[in-house]
Amino acid sequence: MQAEASAVAASPATPSKAAAAAFVVLSQLGGAAFLYFLLKADGGWQVVGLLAVLGLGFTLLEKFPQVAEFARASLASLPLLTIAVAAVVVVAFPFAVGSNTYMLHLLIVAQLYAVLALALNFQLGSANIPNFATGASYGIGAYVSALLAINFGLSFWLTLPLAALAATLFGFVIGIPSMRTRDTYLALVTIAFGVVVQQLLNNFDFTGGPNGLVGIPAPSLFGHSFADPLVIFGHKLPSQANFYYLSAALVVVAIVTAHRLHGSRIGLAWNALRADEIAARAQGINVAWFKVLAFAVDAFLAAFAGTIYAFYVSYISPDNFTFLVSVTIMTMVIVGGMDNIFGVIVGAFLLTILPEKLRAFSDYRLLFFGVVIIGFLMIRPQGLFPQRMRSYGGRS
Amino acid sequence: MSALLTVEGVTMRFGGLVAVNNVGFSLAKGAVLSVIGPNGAGKSTLFNVITGVYKPTAGTVTFAGAEITGKPAYDVVERGIARTFQSSRLFGDLSVLDNVIIGMHTRTRTGVLDALFRPAASKREMAACVAKAEALLKAGSGDLYDQRYRPAGALAQADRRRLEIARALASEPKLLLLDEPSVGMDETETDALVADIRRLRVENPELAVILIEHDMRVVEAFPDNVMCIDYGSKIAEGSFATVRSDPRVQEAYLGKAAADA
Amino acid sequence: MCARMHGWYSCRLQSEMWRMAELLIQQGLNWITLGCIYALLAIGFSLIFGVLNVIHFSHGDVAMTAPFICLALATAFGATSPTWLVLALVIAILAVGLIGVVLDRVVIRQFRDAPAMMALVSTVALGIVIRESIRHLYPEGSNPHAFPRLVSGVAFEIAGVPVNWFALLVTVLTVVLIGLLFVFLRMTPLGLRIRAASEDRVVARMMGIRDGRVFRATFFIASAIGAIAGLLFASYAGVTRFDFGIMAGLLGFSAAVIGGLGSMPGAILGGLIIAGIEVLAQTFVPDGASYRLVFVFVLVIVVLVFRPAGLLGRPLMEKV
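Line order of the protein sequences matches chains A, B and C.
1110 is the number of the first residue of the first sequence in my numbering; add one for each residue after it.
744 is the number of the first residue of the second sequence in my numbering; add one for each residue after it.
221 is the number of the first residue of the third sequence in my numbering; add one for each residue after it.
Simulated from the structure, these hints should not be mistaken for lab results.
Some hints here could point you the wrong way.
[As the list claims (entries may be wrong)] Here are a few chain A residues that face chain C, going by a calculated C-beta distance under 7 angstroms:
no. : residue
1   : Pro1239
2   : Val1282
3   : Pro1286
4   : Arg1289
5   : Thr1293
6   : Tyr1294
7   : Leu1297
8   : Ala1301
9   : Val1305
10  : Asn1312
11  : Leu1476
12  : Gly1479
13  : Ile1483
[As the list claims (entries may be wrong)] Between beta-carbon pairs, the in silico distance windows are:
no. : chain 1 : residue 1 : chain 2 : residue 2 : range
14  : A       : Leu1163   : C       : Trp304    : 51 to 59 angstroms
15  : A       : Ala1327   : B       : Ala897    : 52 to 60 angstroms
16  : A       : Gln1491   : C       : Leu357    : 31 to 39 angstroms
17  : B       : Ala864    : A       : Phe1173   : 34 to 42 angstroms
18  : A       : Ser1348   : B       : Gly854    : 37 to 45 angstroms
19  : C       : Pro364    : A       : Arg1489   : 35 to 43 angstroms
20  : A       : Leu1163   : B       : Glu915    : 46 to 54 angstroms
21  : A       : Gly1262   : B       : Ala863    : 33 to 41 angstroms
22  : B       : Gly854    : A       : Leu1138   : 36 to 44 angstroms
23  : A       : Tyr1211   : C       : Ala366    : 38 to 46 angstroms
Predicted model, so just to flag it, every value in this text is computed and none were measured.
Yeah, the Cβ is synthetic: ideal placement off N, Cα and C, and Gly gets one too.
Please model the entire structure based on the sequences and the hints provided.
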């Protein structure tokens, strides 16, 4: 036993600084290149080819755990370099994309979905609470901010926190039944909430009924309107770039939130009640409160995504926030890997971009999602990137 | 000095079934009480009542001067009662270390806002927890410390029982309830368990312990205070020697015919 | 004549009251019809949950495949005579029963011992697969398809309000089916085993009641009863569409949960309550038709918060 543990600790855990640095830079550039080609791909065969590359990569990682271990150790040993390279890649990406607004659009949507998936991950991943109301929280964020902007002329930057506040209150309200109900019953409560919200949006006059809200004004920052092209160092980027950077910033916020909560006693408490509710209670965890908290955090982040979405497309309707949106977000979490931040983001990107790319296929998107969920739950319930043990710096 | 724990007239009924019938006892700081009795006698139910898993049909539980009858389980832990479960209930997909750290939940304070906006404080708290958990894992018998990054679900039976005790101790309890801690242990491991409990009492003379045990080797090691429960009722109480020689206890364990013989 | 005898105002009042009574009876009939359909759906949810402890979320979608199968068969037979129609109905019901058995075998049973969340999410996904398959595989699957009233015409009148054959058929059929199910579950060896399995899973397993027959029978019966509900629903609405299953499923599931999962009387009560709320909202609340789902699901939430085990369900106490 001891030998096994020390072997794991000794062999690949300490890559040389140079090797680690090279890996950090190359792997992230490689990832960016993959994303670029995936976005650029035209026609099924190119996508299939890229997917084959991805599949091959996964098979290699599964076959040679040392490689995965090396990757982890490298990234963990040089956190600053990792973050710096990631920042450069994210900032530079629109320049590589150039004037291709469709690619930028896909990236924005993928990033918003990544935020939603990270939000849902607090419940589905960390605490194993099936929440089918994330789409509703997303919608509340979008509608609250849009209504404030249209009716009261509030600026985007003010509506952002207000919408988040409103959705968080909603999260608490959905969370309250979770004190009394569990599993199946709780799932039904979240579905019921989702249907109620969607039906109300569909029927109220002030939300524009089924037609939704039109003419949501573009945000502006220091006099620069987000509807205008973005000029950086004389380089002109299409107006979508504004929202690309905005949603990228939100992804960063979501990652930081997820990371900090996961690493604190709150993340541990969620994991504990996922594993065994009664044992969690016996450790002094107020299970009901922590469930409500998971709902509130989920709604908070989802509302941010909703607000940005509303101002980006400038037109929202109840159809954007159905039960199926919740299921889509759920698919991303399950495919990416429950309780694995990186995995969830990968899941969101893959499941946003793939159905768009496989044009012939796009009619079958929902069918594809359904099959993918069932397949993953049966064959690989831990997702592409399984949850990892917390290391506390003691082991790479 | 008043007792640490006082249980008075506790009755627990499930529908028509009386699992615990009018049981009362009290326990002083630093004392060890062994609860014995046949399977299904209501010993674990008594634990569940004390720890707030069940609300008793009648009776009161008083701990450290305050009534805790029917208080929620998480509140009871906060007040200083920690427990293990008969069928060990570890967080199987979390590491051994995480299991112990979760045991410190009531002794840590970070909330959502702290975790988000004061990450340094949250990190410090976790680092302190890790250090404390590692110390707890090193202190007990077995090699849990070396296995601290393994998932708890992968542990051998004896290690699981040890980890449950370490997790219970992590909450810095005044009263420790151990539900059949020696199940699945061989003789050497059982002896180590007894040594562990003795060591705990030396390190913290105020710590009170209630043991549910079938293994008389363990009961014999803490002979001052023994209580026997049968069909939910207390049938004998006193030193190990007294209880062992009580005819009703023999009857409960061996059947009427054997006791008469 | 009325006006001359009592004066205009009194006459109007009388006719108002008369119209009110008529409306009440009419809506009462609607309520019973819809309530029976929901009850039949809820019974399936309850039966499956009882035996497998799994929520078969796509049960509504399975049920709503029946009208499509029936329409496809009717087209294939190319005949419109009642005999052919009945044959199509019977085959559709049996086919849906088999679909249920296959889905259990291939998907649902894999999650029997997994966390509840997994079974739930996978059956939600299964529902999507079923709906989308209808949409893509059935000719013009995205469009609504007309579905005939199985029986038409007026059977008799209550206080001058016509009671049509269809309402009568639904009620009688539901009562007969529930009666048959009751007899089956209490009198036949297989039924008794199903009941044993749902009363206490652990004991039933120890007694060796573990074989696939119990599961197969449960799914066949639940799905076939669901198919009947689906056919009645399409016939009631006069139309069917690929995505009717989602609402049928949600309403049937809600009925089962409100009544108490695992309880047959609960399923029936839940069905009647859900239908009652819908009909009440439509009749008495201005613009209630558009808000009916809001009323239904708010009720679901309220019941679950105050009686988490449903109205007739037994509260669960977890063994520690």
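Going down the list of hints, with the structure as the test:
The interface hint given for Pro1239 of chain A holds, since its Cβ lies 5 angstroms from the closest Cβ of chain C, which is under the 7 angstroms cut-off. For Val1282 of chain A, the interface hint is violated, the least distance from its beta-carbon to any beta-carbon of chain C being 10 angstroms, above 7 angstroms. Checking Pro1286 of chain A against chain C: minimum C-beta separation of about 5 angstroms stays under 7 angstroms; hint holds. Given hint, Arg1289 of chain A at the interface with chain C, holds; its Cβ is 5 angstroms from that chain's nearest Cβ, closer than 7 angstroms.
For Thr1293 of chain A, the suggested interface contact is upheld, since its CB lies about 5 angstroms from the closest CB of chain C, less than 7 angstroms. Satisfaction of the interface hint for Tyr1294 of chain A is found here, the shortest Cβ-Cβ separation to chain C being roughly 6 angstroms, below the 7 angstroms cut-off. Of the supplied interface hints, the one on Leu1297 of chain A holds, with its beta-carbon coming within about 6 angstroms of a beta-carbon of chain C, less than 7 angstroms. Checking Ala1301 of chain A against chain C: minimum C-beta separation of about 4 angstroms stays under 7 angstroms; hint holds.
Against a cut-off of 7 angstroms between C-beta atoms, the interface hint on Val1305 of chain A holds, since the closest Cβ of chain C lies about 5 angstroms away. Checking Asn1312 of chain A against chain C: minimum C-beta separation of about 5 angstroms stays under 7 angstroms; hint holds. This hint holds: Leu1476 of chain A has a C-beta 4 angstroms from the nearest C-beta of chain C, less than the 7 angstroms allowed. The criterion of a C-beta within 7 angstroms of any C-beta in chain C is met by Gly1479 of chain A, whose closest approach is roughly 4 angstroms, and the hint holds.
The beta carbon of Ile1483 of chain A comes within 5 angstroms of a beta carbon in chain C, closer than 7 angstroms, and the hint placing it at the interface holds. With their beta carbons about 52 angstroms apart, Leu1163 of chain A and Trp304 of chain C fall inside the hinted range of 51 to 59 angstroms. Taken as a hint, the range 52 to 60 angstroms holds for the pair Ala1327 of chain A and Ala897 of chain B, whose Cβ atoms sit roughly 55 angstroms apart. Separation of Gln1491 of chain A from Leu357 of chain C is about 32 angstroms and conforms to the stated range, judged on CB atoms against 31 to 39 angstroms.
Checked against the given bound of 34 to 42 angstroms, the beta carbons of Ala864 of chain B and Phe1173 of chain A, roughly 40 angstroms apart, stay inside it. One distance hint, 37 to 45 angstroms for the beta-carbon pair Ser1348 of chain A and Gly854 of chain B, holds here, with the actual separation near 40 angstroms. At about 38 angstroms, the beta-carbon gap between Pro364 of chain C and Arg1489 of chain A stays in the expected band of 35 to 43 angstroms. Between Leu1163 of chain A and Glu915 of chain B the CB atoms are about 49 angstroms apart, so this pair conforms to the stated range of 46 to 54 angstroms.
For Gly1262 of chain A paired with Ala863 of chain B, a C-beta distance near 40 angstroms keeps the hint of 33 to 41 angstroms intact. One distance hint, 36 to 44 angstroms for the beta-carbon pair Gly854 of chain B and Leu1138 of chain A, holds here, with the actual separation near 39 angstroms. Hint check: Tyr1211 of chain A to Ala366 of chain C, Cβ distance near 40 angstroms, so the stated range 38 to 46 angstroms holds.
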